[in-house]
Amino acid sequence: MLIRVQGAPLDLNEVVRAVERPSAGGIVSFSGVVRDQHDGKRVTAIGYEAYGAMAESKMRQIGEDVERRWPDATIAMLHRTGQLKIGEASVLIAVSAPHRAEAFDACEYAIDTLKQIVPIWKKEAYEDGQVWLEYEHRLAQANSKFRMQSSK
Amino acid sequence: MQVRLFARYRELAGTGSLSLNVPDNSTALDVFDRVAERYPDMQAMRGSTLMAVEAEYVKPDTELRDGEELALMPPVSGGSC
Chain A
1 MLIRVQGAPL DLNEVVRAVE RPSAGGIVSF SGVVRDQHDG KRVTAIGYEA
51 YGAMAESKMR QIGEDVERRW PDATIAMLHR TGQLKIGEAS VLIAVSAPHR
101 AEAFDACEYA IDTLKQIVPI WKKEAYEDGQ VWLEYEHRLA QANSKFRMQS
151 SK
Chain B
1 MQVRLFARYR ELAGTGSLSL NVPDNSTALD VFDRVAERYP DMQAMRGSTL
51 MAVEAEYVKP DTELRDGEEL ALMPPVSGGS C
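Protein sequence lines, in the order shown, are assigned to chains A and B. So in the numbering used here the end of the first sequence lands on 152, straight run, no missing numbers. So in the numbering used here the end of the second sequence lands on 81, straight run, no missing numbers.
Just to be clear, a hint being listed does not mean it is correct.
What the hints assert, rightly or not - Quick list of the computed label-pair ranges, beta carbon to beta carbon:
| no. | chain 1 | residue 1 | chain 2 | residue 2 | range |
| --- | --- | --- | --- | --- | --- |
| 1 | B | 17 | A | 33 | 29 to 39 Å |
| 2 | B | 25 | A | 87 | 48 to 58 Å |
| 3 | B | 40 | A | 1 | 35 to 45 Å |
| 4 | A | 33 | B | 33 | 37 to 47 Å |
| 5 | B | 60 | A | 22 | 40 to 50 Å |
| 6 | B | 59 | A | 126 | 29 to 39 Å |
| 7 | A | 25 | B | 46 | 30 to 40 Å |
| 8 | B | 61 | A | 21 | 25 to 35 Å |
| 9 | A | 98 | B | 19 | 48 to 58 Å |
What the hints assert, rightly or not - According to the in silico footprint, chain A covers these stretches of chain B (three or more CB under 8 Å from chain A):
| no. | stretch |
| --- | --- |
| 10 | 18-31 |
| 11 | 69-78 |
It is worth saying that the hints were derived from the structure and are not from the lab. Don't be surprised by glycine CBs; every beta carbon is placed ideally from N, CA and C.
Isolated chain A (complex conformation) (with noise of 0.2 Å):
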């Protein structure tokens, strides 16, 4: 299972053609790409950094969960490190499997799994400042908590 976070420019052929095989009929891909926009304001940059051992064994279970689920479907997922650039990759999935049915919905799983249990964080670059995602959100999550239950 062709399964890795580098540090390099992610190559879309490279996942493609790991998962190909005779008796696939489909193959589905995935891109998560840089935006150049979050919540109105303009992003610049994303900078992504991973805990790199055990992101690669979290998508290595994925990767495991995929192929137990759907038995006839093979993966390959690559995540990238490091300030990105807007419209470069920073995720690629490909599943291929017999029918596009599954193909999809093992692409889709795989995708959201990551982004819930793999051990990568991403910093957004905007004109005036830099923000790390998600982390922003709970403190502020944690804040409005702490200042309702102070307010009790």
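Got chain A sorted already, so can you dock chain B onto it with the hints?
Frame of chain A; chain B shown alone:
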């Protein structure tokens, strides 16, 4: 023991790796609290912090053994939107 810090926590501490002396039978949360004493900005994230021993997620009440490496991690945000 060795504690690894990532993302915002790494920035707050100014390092990705700390050596700490902790009492026997300390839990992962005990170690978090010890680290958050030094870097108080971490305290608000007590309930949202992910913890891993030897690269596997553990619950906050997991007791740590001598020589194990604990990772303290903010909520993850990989992939794309």
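Hints versus structure:
Range check, residue 17 (chain B) to residue 33 (chain A): about 32 Å between beta-carbon atoms, so the 29 to 39 Å window is met. Separated by about 51 Å at the C-beta atoms, residue 25 (chain B) and residue 87 (chain A) satisfy the suggested range of 48 to 58 Å. The hint said 35 to 45 Å for the Cβ distance between residue 40 (chain B) and residue 1 (chain A), and at roughly 43 Å that hint holds. For residue 33 (chain A) paired with residue 33 (chain B), a C-beta distance near 39 Å keeps the hint of 37 to 47 Å intact.
At roughly 48 Å, the beta carbons of residue 60 (chain B) and residue 22 (chain A) sit within the given window of 40 to 50 Å. For residue 59 (chain B) and residue 126 (chain A), the hinted distance range of 29 to 39 Å is satisfied, since their beta carbons lie about 36 Å from each other. At roughly 50 Å, the beta carbons of residue 25 (chain A) and residue 46 (chain B) sit outside the given window of 30 to 40 Å. One distance hint, 25 to 35 Å for the beta-carbon pair residue 61 (chain B) and residue 21 (chain A), is violated here, with the actual separation near 45 Å.
With their beta carbons about 53 Å apart, residue 98 (chain A) and residue 19 (chain B) fall inside the hinted range of 48 to 58 Å. With 0 residues carrying a beta carbon less than 8 Å from a beta carbon of chain A, the stretch 18-31 of chain B misses the three-residue requirement, and the given coverage is violated. With a cut-off of 8 Å between beta carbons, the stretch 69-78 of chain B has 7 residues touching chain A; three or more are needed, and the interface restraint holds.
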